[in-house]
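Visitor: Listed below, chain by chain, are the residues.
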Amino acid sequence: MHLSEAVNSGFFYLAPWLVFAPITGLLINLIFGKYFSEKMVGTVASLASGAAFVVSVLLAYSVSINHGEMMSVPFAQWIHIGTLQLDWTFRVDSLSATMMLVVSGVGTLIHIYAIGYMHEDVRFKKEEGRFTRFFIFLNLFIAAMMILVSGDSYMMLFVGWEGVGLCSFLLIGFWYEMDTLARPSWANSNAAKKAFITNRVGDFGFLIAGFLMFWYLGSFQFDEVFKAAPEIAHSAPWVIVAITLFMLVGVAGKSAQIPLYIWLPDAMAGPTPVSALIHAATMVTAGVYLVTRSAPIYSLVPEAQYIVAMVGAGTALFAATIAVGQYDIKKVLAYSTISQLGFMVAAVGMGAYVAGMFHLITHAFFKALLFLSAGSVILGMERGHHHLAHHVAHDDHGKGKKKEGKKEEHGHGHDEEHSEVFDPGDMRNMGGLRKTMPVTFWLYMIGTLALAGIFPFAGFWSKDEILLDASLHFTSVYGQLTLAAFLTAFYMGRQVWMVFFGKPRHDAAAHAEESPKVMTVPLMVLAALSVLGGALNLPFEGFHNLGHWLGHTLGEAEGLPLDLKVAGISTVLALSAITLSWFIYGRNPLKANQPDPLKKPLGFIFTGMENKWFVDEGYFAVIINPFKKASQFLADVIDWRFWHDFVHDTVIAGTYNWLSDTALNTYADQKGIDALANWLGDATQSVSATLRKVQNGFVRSYALSVMLGVVLILGYLIFK
Amino acid sequence: MVPVDYYIILSAVLFTIGALGVLIRRNPLIIFMSIELMLNAANLAFVAFSRMYDSFNGQIFVFFVIAVAAAEVAVGLALIVEIFKTKKNINIDEMNSLKG
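Read top to bottom, the protein sequences are chains C and E. If you read the first sequence in the working numbering, its first letter stands for residue 1, the second for the next number, and so on. If you read the second sequence in the working numbering, its first letter stands for residue 1001, the second for the next number, and so on.
These are computed hints drawn from the structure, not numbers from a lab. Note that the structure is predicted; figures quoted are calculated from it, not measured. Note that beta-carbon positions come from the ideal geometry of N, C-alpha and C, so glycine has one too. Please note that a few of the clues may not be correct.
[Unchecked claim] Here are some chain C residues pointing at chain E (derived, C-beta under 8 Å):
1) M524
2) T684
3) G697
4) F698
5) R700
6) A703
7) L704
8) S705
Throw the hints in and build the complete structure from the sequences for me.
Guide: If you want it as structure tokens, here you go:
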């Protein structure tokens, strides 16, 4: 098929607008944003993102009418050096189109939600000027993510990869001069730096993989790499193993897998829409996309695949245990995200690419829903808190649960009459929100059931497909994932009982208010998707739609039928976990100041879960503190004392001083050149003193000497 | 016809006399006269050679010399008058203000 024909038979030529639409929105807000109202800014940004969604839909439609044919849309020449021929080419196939739809679709909903959320957030933090900036960053993120998913080569993917990393950094540190409770602090910017630096480690791995790829396979372009890989895998299999494992380091960084997941919980410092968009639905799934995209390489090396699957399964289980012990509503969801990403990575590691992508899509729906609902809960609590601040002046504020270390004075950003620091995200402050925030409650319930994997919500189908694949091939992975699924249902049950049921444990929860429509309507769309998302790929003959669709890119794989045993076990486990959580948290709701009921029976295990198994502390002890000591040593001893004091001051400066002062100044200059110059002067003076006597002023004697001179010359001429 | 040699010898004698006069005598007027003598010795040599080579070049030179000598005498006498006005004498041994 000729290129022109292909372009005529679809909307492929629109592909660059995936990137340019959000960039246009960004530029409009950047240049004219200060003249716009908040609504206008939000509308422009949402329209820009929506335009990218429309383009994605058109591209997906074009792929489908082309029978799933991959289409390259060359856009610009990029880097041509020697044998390196890199072009800026958009790759539109069923896999990238799927990612585009998820990113721009969920992204647009979150843009709309953020109009409402940021409107209040900037007011609670008394920084209304930052509203525009938020949407500029959000559009920039969509653009970078589009580059990531639409790139035709690993290098273009890497540009997007770094771009989303940058946006993640900017948005985690959006409230950079405060902590999550709006007290002046560098906590948020430290969280941003942590995310960025941890991702540097991962990106280093990605880059090494890229270098190896170019060195041994001679290209960055997907198809060329995949074409060259089997031959190398035959002659030098370690190369492919190295490429895949270094790539796994990148995946671990971006998709928050063991051992680089530590940045994601801290990333919750960003505004909630950011947590939903970047740190749950889209950016963190980039690693899953990368492995899926690299499926032809990974399938060459089963060892590497096994490691990927084990990393994913381990992360899924490990993060799930931590989520059980968290009190912050967003932290629970953050660890849940890490856990679910573990599911996806395990799936793509097992070669179950369709299952991984399926879970990626449904997870984007229900985790975005959960995060945004959590944002709604937090804002509701914040509203209740402010409501109190304005109507009830001083009485009984000590009632609320106080955390250790949170008793300092208020910083700016809160009403001065409050001396107690109120954490609107702490679940121990909540309770009973079912009555005050009914819409949010129902939305949250849908998200919870989808995440817990309850039939027939989206999460059930996608998680089940992963579990089914694991049960067929990797028993240990299956065991870990099943346990993680049990814990998932448990901690989500715990969260729902703590947040929405029982009695309010803080006045703010009692006075919480429901969020406006601009926030709840996008949530309803996401809720609908969370309910119906499973229909994308039902495990029945003829309903493997996603598998068939992705099969155009990944190679047709046989869709697995529903295995009642696996589905039954996971459903029973999920239901029993929810029941168990009801026995612990639902039957006797938590009272204010009451410690977690799991604390006593689980003992040190719960302490470990509560403190994230001390992984951060471990990193500090093993890497960061020794690193600091080493830098201290290098700075103090090597640089300052040895290099500066000794080498520079003593050796170099000393030698130079000696050379210039003693050798050159005293000897060469004063005793050599000066003496010569003085001697010349003295000699000239004494000679002239002698000679001046000749000039006696008598013209006659001058004439006589002229005469004598003439006589001498004549005599010489005559007698020579 | 008198040979050229004689004129040249006479010219040399006259020049020597003039030179000695310049060196020995102390009266500026006498020194002037001696200079005139040297100039005219040169003129004599010019004329003699002019005659010998049957050319007018030498004679033309003589005219120039006479003109320059006249100008020189005018300037020199003016100087002597000025010196006499300031020093009240013209003794050449007292004129050594250009001493080094």
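Visitor: Answer holds if the nearest beta-carbon of chain E is closer than 8 Å to that of R700(C); otherwise answer violated.
Guide: 6 Å, holds
Visitor: Could you check if T684(C) really has its C-beta closer than 8 Å to a C-beta on chain E?
Guide: 15 Å, violated
Visitor: Does F698(C) pass the interface hint, meaning its C-beta sits closer than 8 Å to a C-beta of chain E?
Guide: 5 Å, holds
Visitor: The hint names G697(C) as touching chain E; please verify it with the least Cβ-Cβ distance against 8 Å.
Guide: 3 Å, holds
Visitor: Hint validation: S705(C) versus chain E, beta carbon distance must be below 8 Å. Holds or violated?
Guide: Not OK, violated: S705(C) not within 8 Å of chain E, min 10 Å.
Visitor: Take the shortest C-beta to C-beta distance between A703(C) and chain E; is it under 8 Å?
Guide: 6 Å, holds
Visitor: Taking the closest Cβ pair, is M524(C) under 8 Å from chain E?
Guide: 117 Å, violated
Visitor: A closest beta-carbon separation below 8 Å is what the hint needs, so does L704(C) meet it against chain E?
Guide: Since the shortest Cβ distance to chain E is 5 Å, the answer is holds.
In summary, the structure is inconsistent with hints 1, 2, 8 from the numbered list given earlier, while agreeing with the others.
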